[in-house]
Amino acid sequence: MSAARVAVTGLGLVCPLGAAFNEQVAVLAARLAAGERALRPHPPLAQLPDGGLAGVVGALDLDRFLLRRKDKKLLARPSALALACAGPLVSAYPGDRRELALYLGVGREPPDDGESEATLALSARDGLLDEGLLAGPGRDRYPPLLPLKTLPNMAPAHISINLGLMGENAAWAGVWGAGLLALRAGLRAVAEGRAPAALVGGADSRVDLGSARDRLRVGEEGAPAEGAALLLLEPEAEARSRGAKVYGWLVEADPAELGAIDARGVNIDQMGDLGAAAAPVAAVLALCGDRPRAVWAADPGLPALAVGVRPDTAC
Amino acid sequence: MHSPPPARRRVVITGIGAVTPHGVGVDACWAGVIEGRNTIGPISRFNAASFPVRFAAEAPEPETLPEVPPEVAHILLDLKGRLAAVAAAEALAMAKLPPLGARLGVCLGSEAARPDLAELAVRMRSGELPGALELDRMSPAAPTRLVAAMAGALGPMSTVSTACTSSSQSVGEGLLRIRRGEADAMIVGGVDVLVDPIMVTGFSKLGALSQRNDDPATASRPFDLHRDGFVLGEGAGFLIIEDLELAERRGATILAELSGFGCSCNAYRITDSPPDGRGAAQSMEAALEDAGLSPEDIDYINAHGTSTPMNDSSEAAGIVRALGERAAEVPTSSTKSMTGHLVAACGAVEAIFCVLATRDGVMPPTRNLEQPDPACPLRHIPNAALRGPVRHALTNAFGFGGSNGTLVISRWPGASA
Numbered sequence: 001m002s003a004a005r006v007a008v009t010g011l012g013l014v015c016p017l018g019a020a021f022n023e024q025v026a027v028l029a030a031r032l033a034a035g036e037r038a039l040r041p042h043p044p045l046a047q048l049p050d051g052g053l054a055g056v057v058g059a060l061d062l063d064r065f066l067l068r069r070k071d072k073k074l075l076a077r078p079s080a081l082a083l084a085c086a087g088p089l090v091s092a093y094p095g096d097r098r099e100l101a102l103y104l105g106v107g108r109e110p111p112d113d114g115e116s117e118a119t120l121a122l123s124a125r126d127g128l129l130d131e132g133l134l135a136g137p138g139r140d141r142y143p144p145l146l147p148l149k150t151l152p153n154m155a156p157a158h159i160s161i162n163l164g165l166m167g168e169n170a171a172w173a174g175v176w177g178a179g180l181l182a183l184r185a186g187l188r189a190v191a192e193g194r195a196p197a198a199l200v201g202g203a204d205s206r207v208d209l210g211s212a213r214d215r216l217r218v219g220e221e222g223a224p225a226e227g228a229a230l231l232l233l234e235p236e237a238e239a240r241s242r243g244a245k246v247y248g249w250l251v252e253a254d255p256a257e258l259g260a261i262d263a264r265g266v267n268i269d270q271m272g273d274l275g276a277a278a279a280p281v282a283a284v285l286a287l288c289g290d291r292p293r294a295v296w297a298a299d300p301g302l303p304a305l306a307v308g309v310r311p312d313t314a315c
Numbered sequence: 316m317h318s319p320p321p322a323r324r325r326v327v328i329t330g331i332g333a334v335t336p337h338g339v340g341v342d343a344c345w346a347g348v349i350e351g352r353n354t355i356g357p358i359s360r361f362n363a364a365s366f367p368v369r370f371a372a373e374a375p376e377p378e379t380l381p382e383v384p385p386e387v388a389h390i391l392l393d394l395k396g397r398l399a400a401v402a403a404a405e406a407l408a409m410a411k412l413p414p415l416g417a418r419l420g421v422c423l424g425s426e427a428a429r430p431d432l433a434e435l436a437v438r439m440r441s442g443e444l445p446g447a448l449e450l451d452r453m454s455p456a457a458p459t460r461l462v463a464a465m466a467g468a469l470g471p472m473s474t475v476s477t478a479c480t481s482s483s484q485s486v487g488e489g490l491l492r493i494r495r496g497e498a499d500a501m502i503v504g505g506v507d508v509l510v511d512p513i514m515v516t517g518f519s520k521l522g523a524l525s526q527r528n529d530d531p532a533t534a535s536r537p538f539d540l541h542r543d544g545f546v547l548g549e550g551a552g553f554l555i556i557e558d559l560e561l562a563e564r565r566g567a568t569i570l571a572e573l574s575g576f577g578c579s580c581n582a583y584r585i586t587d588s589p590p591d592g593r594g595a596a597q598s599m600e601a602a603l604e605d606a607g608l609s610p611e612d613i614d615y616i617n618a619h620g621t622s623t624p625m626n627d628s629s630e631a632a633g634i635v636r637a638l639g640e641r642a643a644e645v646p647t648s649s650t651k652s653m654t655g656h657l658v659a660a661c662g663a664v665e666a667i668f669c670v671l672a673t674r675d676g677v678m679p680p681t682r683n684l685e686q687p688d689p690a691c692p693l694r695h696i697p698n699a700a701l702r703g704p705v706r707h708a709l710t711n712a713f714g715f716g717g718s719n720g721t722l723v724i725s726r727w728p729g730a731s732a
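Chains as they are written, first to last, in the numbering used here: chain A, 1 to 315; chain B, 316 to 732.
Hints in this document: simulated from the structure, not taken from any laboratory. All C-beta atoms, glycine included, are put in the ideal place defined by N, C-alpha and C. Where hints are given, some of them may not hold.
Stated by the list, open to error - Pairwise CB distance ranges, derived in the manner of DEER restraints:
| id | chain 1 | residue 1 | chain 2 | residue 2 | range |
| --- | --- | --- | --- | --- | --- |
| 1 | B | D591 | A | A237 | 47 to 57 angstroms |
| 2 | B | E382 | A | P303 | 19 to 29 angstroms |
| 3 | A | R141 | B | R325 | 27 to 37 angstroms |
What the hints assert, rightly or not - Derived DSS-like pairs (lysine-lysine); straight-line CA-CA distance at most 27 angstroms:
| id | chain 1 | residue 1 | chain 2 | residue 2 |
| --- | --- | --- | --- | --- |
| 4 | B | K520 | A | K149 |
| 5 | A | K72 | A | K149 |
| 6 | A | K73 | B | K520 |
| 7 | B | K520 | A | K72 |
| 8 | A | K149 | A | K245 |
| 9 | A | K70 | A | K149 |
| 10 | A | K70 | B | K520 |
Just chain B, with the same shape it has in the complex (with noise of 0.2 angstroms):
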């Protein structure tokens, strides 16, 4: 029988694996956004010469990948598994959790793989049909299963499926068993690998991406003026977080608290952010509230900041309704000027930069941003990295269809490099 919630439980960080753009490994990756440098480069997966939008932020592909079970090894075929699988396994290594059965979970923010397109022309020809092993390689669930084999996880298990949101709402929900005492201890985050022809075709129909094919490494300028759109981006993010008496238990080095999660829908257009910001602010007051903060404990928020003219000056919009005169003292920055977007693992990623800089007392910079759009009235990083203290950071992602998410994380005394 599921037993009766415990007072409020604390839950830390003690894990975190990450694959982005940058490369593999967290040490990779956060070197990388605090440099300021940029990923975003030709498409090398596919043949692009032809489309309308011919750069990306391409995900390395790994050189050597952890031994999974073999009942999930088929997952790793794809490179959303691979991914996922590297990303997790840096996680779990720094953790170093003991084995917790059913009191370990697993929560993901992914979406379904999409067939190999050379593969579905071929089949449309001959008319042959993907085998039951592809199909559940393909399954949405598929890197939860992989995830929580290669942890011996048996406890909740869930894959949440909201666009960009999917993996800061994975991160919400393992918080939220975490207290509840559904488990001791959750693995959360994302996976997402998005350059394909069709994506690519399909967003840049949308008009969704930046279109600057002449110069792709100043393409993703969140907040500047001159924004044009978004960069497809590749990776994974993973974190291990636990109840704090558990951690402490254990000896586990803690690296942040995840304080807060915020969730809220726009309600209001499927492509489009409402110009006054509501949904965004309503997530995010709701993840203050939910970590007992105000807006003045807040040190640094890493912004959804798409680079989308719409999505910045929106988010812009909310950050100023949900943090008041606030908003313009605290730094801001959108790391997907260097990333490109992750789609369904940036909300993951992103929270590792906010653990990250909690405990280096470092925030990213946004790159590109050379002239700030008036309409996003925010105290930004632009193109380098600024040093101070992080007591509580806020990150956001908002998804397509008007999902919003938001994540807290406060600085652990002591945590250090």
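Just chain A, same shape as in the assembly (with noise of 0.2 angstroms):
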């Protein structure tokens, strides 16, 4: 059986530069080649050296895709992006959405969002954890839930049971090279018929304080920065037919080839390091572009990984 050829016919991008998608992302990126700058001074960055600049995401649209409201407060800020970019997708998806296949890149463990620190406050006397204080007023103060909104695969976990997707399913841990290996496992599934379709790409979110310092601490470059980006992937054949749009394909491609653009470093001046997102972003970014190119990424000590990218003119 032949490989099918991989149609992308969603696109969805929640940025610092704001959130765009289908046919929006094209102004976004144009606003991007134009020059335009998301990085701003980040309040509780302040202490840092460069001056605490991010490229941070303004408000998200959630609630109309919460199931229930009262889960917002399980959700660490990469499932957040994740949902507010995965929404809009799936909702406009004529398909049955079970059979939907997710694959998401995603950062290291979430931060919370200082509950566990208040915990330790608690459970410190002179300087070193009291074991007896953790089991006490320690353990009061620590929420029930925290457990399960840090763990990395919660971004996929929102996703598939606020918007009902019940197919196959991965998320990879990592920096840069996490959003490549979702998209490259969407690309092979739906290729061969593993998955009828598939939303792929990556969230991650790295301007808390913790996630700042280790960056600087590990000589990362560039700004630290938060985003999510979703492509939705189909079987050419089966989105023509419905009469989707299609805005490019993806294809298999080598980290050697020409017009290969490093994840890692797109719109870094403009946006700031988008970690597990930087990969889909550049995909999004570059099905809006006019040739093809392959992304690629580098995660430290890891071989470099890498996915094509064919633009239709359409975006």
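Using the hints, build the complex out of the two chains.
Okay, here's the thing in structure tokens:
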């Protein structure tokens, strides 16, 4: 059986410059091409040497995608970004969303919102952890759902739960390469027919103080940033038969190909370092370009990965 | 350039390695579960005297560590790294792979390592921050890089992080990569170490842990009417999987065939499983279809069986939904009754138990299963191992957030202990 050609029929981008979906992405891409910058002083990072510049996403439209509004408190930042990005794409998908596969690149275990620090503060005696205090007043302050909020796979979990996706799924942890693993898994699953369609991409947030300090400590370039990007993939024949707009295609590619885009540095001076979302953001933007590109990335100590992006002229 | 995928390749298992609460090495771990031996006891890693849950299934500290390249030696400072190194070394030694370079990949299930809590408390006072090497070893990809460096692997590498499904999915991803021609062999598996004060605090507040402090040995009792939660465990499990043609060409000892993989999402709730077991059923059905098998072909199920009231009844419903009438006939057990819940490592460790069940014709029991819950109408293996041929075994792993993974392991003709 020959592999199906994999068409991109949906684009979602939630980044420091704003949120855009499908045709709107071209507008955002044009703003980037014109040199617009989205880095701003981020008060939680003010004590850092560079003055706390970061690429922070503005208010997210989440309420209309949450089955239960009270679940908002369960959303760590990457989960919120991912859900805000997935919602419009899945809502517009006319097929059976229960069959949609979901492959997502995520960063490290996302930070909590200070909940564990409160527990630790109540659990320390003379600068040392006191297990008795942790089991007493510290434990009292520990939110029961915190371990679940900070699991790396919560971003795809919230998409699945709130939007009804039941197909194949996986989440890869890492830095810039994680998003590429997701793109490649989706490309192959759709090409082989393992999944009738797939939502693929990445979400990451690195703008909390702990993550930003960690980035400085390991010498990562650029300002910390956050974002999410997703692509809806379908076999081209099916997409055409339902009259879907095709923005381009994902194809196999080699990192050494000409025209390669290093996801790690994509628009880094304008939006910051998007971590696990960087490669999907680069792929979405490349689909608004005028020529095929190979998006690649290599995480520290790991081999380079790449995926090819062929834009259609429609975007 | 990536070469086009060849016609579907068959994938076989030629090496296994494990560290579980039963001991270091596959033989010790397998003997422990076949004998139905308990490993759950008082927590020794920290003073848990005032904690609501004071027991766990701790992994033993390996007495010797394999030599590893200097650039990854710092990863051994974490227990997680040490367990991964020892289990991977055992699997590699068994498989005796030739140097494969870029045709050998690594796919592991793991989570980010957590900073030591006592160190965190000190840092809160001093303002001192972790150094680059510490951050590096806390990266979720640290065990992946460690194992790749040990094996000289230069092929595809990834770290799957889907909670308790992580290593089941890592085995499945390795299978797909070999079938697709991206690699000729893969090191797959997982590692997890969660017996720390914050995890015990968090999971006990969540109501997920058994509270049988008075009798920890009976705390993990999957499918029993009186189960009250899971028991945190620790461990690592690794499998060497390779293209059948490569294994035959090099005269490798084949332990079993990795014949199917399926996965799904529940689309239900973060902590709860759907009572009708729909997502679990979908995962099992997908794995059977992938393996080209029907329910009649399955002779043993190693269930996820966490011992939480909700998981076990939901999983049983899923098994009934996926296997129909056959669900009442297939011997089913949960080894978590003895090892506790190895979280990101459970899928790989339990896949290893299935490899050995097909090889040896022995199915491990569910310890502490005294009064089967009528809501779990399966053919259980209570308290003593069951002997009988296992043509194909199915193993489930389900994670918080509703991700499900199922593997099918098939007996290899002539495989023997």
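When you check the alpha-carbon spacing of K70(A) and K149(A), does it fall within 27 angstroms? Given pair K70(A), K149(A) holds - Cα atoms ~13 angstroms apart, limit 27 angstroms.
So if I understand the rule, the pair passes when the alpha-carbon distance is 27 angstroms or less; does K520(B) with K149(A) pass? Distance of about 14 angstroms is within 27 angstroms: holds.
Take the C-alpha atoms of K520(B) and K72(A), compute the straight-line distance between them, and say whether it is at most 27 angstroms. At roughly 20 angstroms apart (the allowed maximum being 27 angstroms), K72(A) and K520(B) satisfy the hint.
Verify the proposed pairing of K149(A) with K245(A), using a straight-line Cα cut of 27 angstroms. Distance of about 36 angstroms is beyond 27 angstroms: violated.
Next pair to validate is K70(A) with K520(B); report whether the Cα-Cα distance is within 27 angstroms. The hint holds at about 19 angstroms.
D591(B) versus A237(A) beta-carbon gap, inside 47 to 57 angstroms or not: Since D591(B) and A237(A) have Cβ atoms about 34 angstroms apart, the given range 47 to 57 angstroms is violated.
19 to 29 angstroms as the expected CB spacing between P303(A) and E382(B), which holds or is violated: 23 angstroms, holds
Are the Cα atoms of K72(A) and K149(A) separated by 27 angstroms or less? 10 angstroms, holds
Given a hint of 27 to 37 angstroms, does the C-beta separation of R141(A) and R325(B) actually sit inside it? 54 angstroms, violated
Hint consistency between K73(A) and K520(B) [alpha-carbon to alpha-carbon, up to 27 angstroms]: OK: K73(A) and K520(B) at ~17 angstroms, within 27 angstroms.
Hints 1, 3 and 8 from the list above are not met by this structure, while the remaining hints are.
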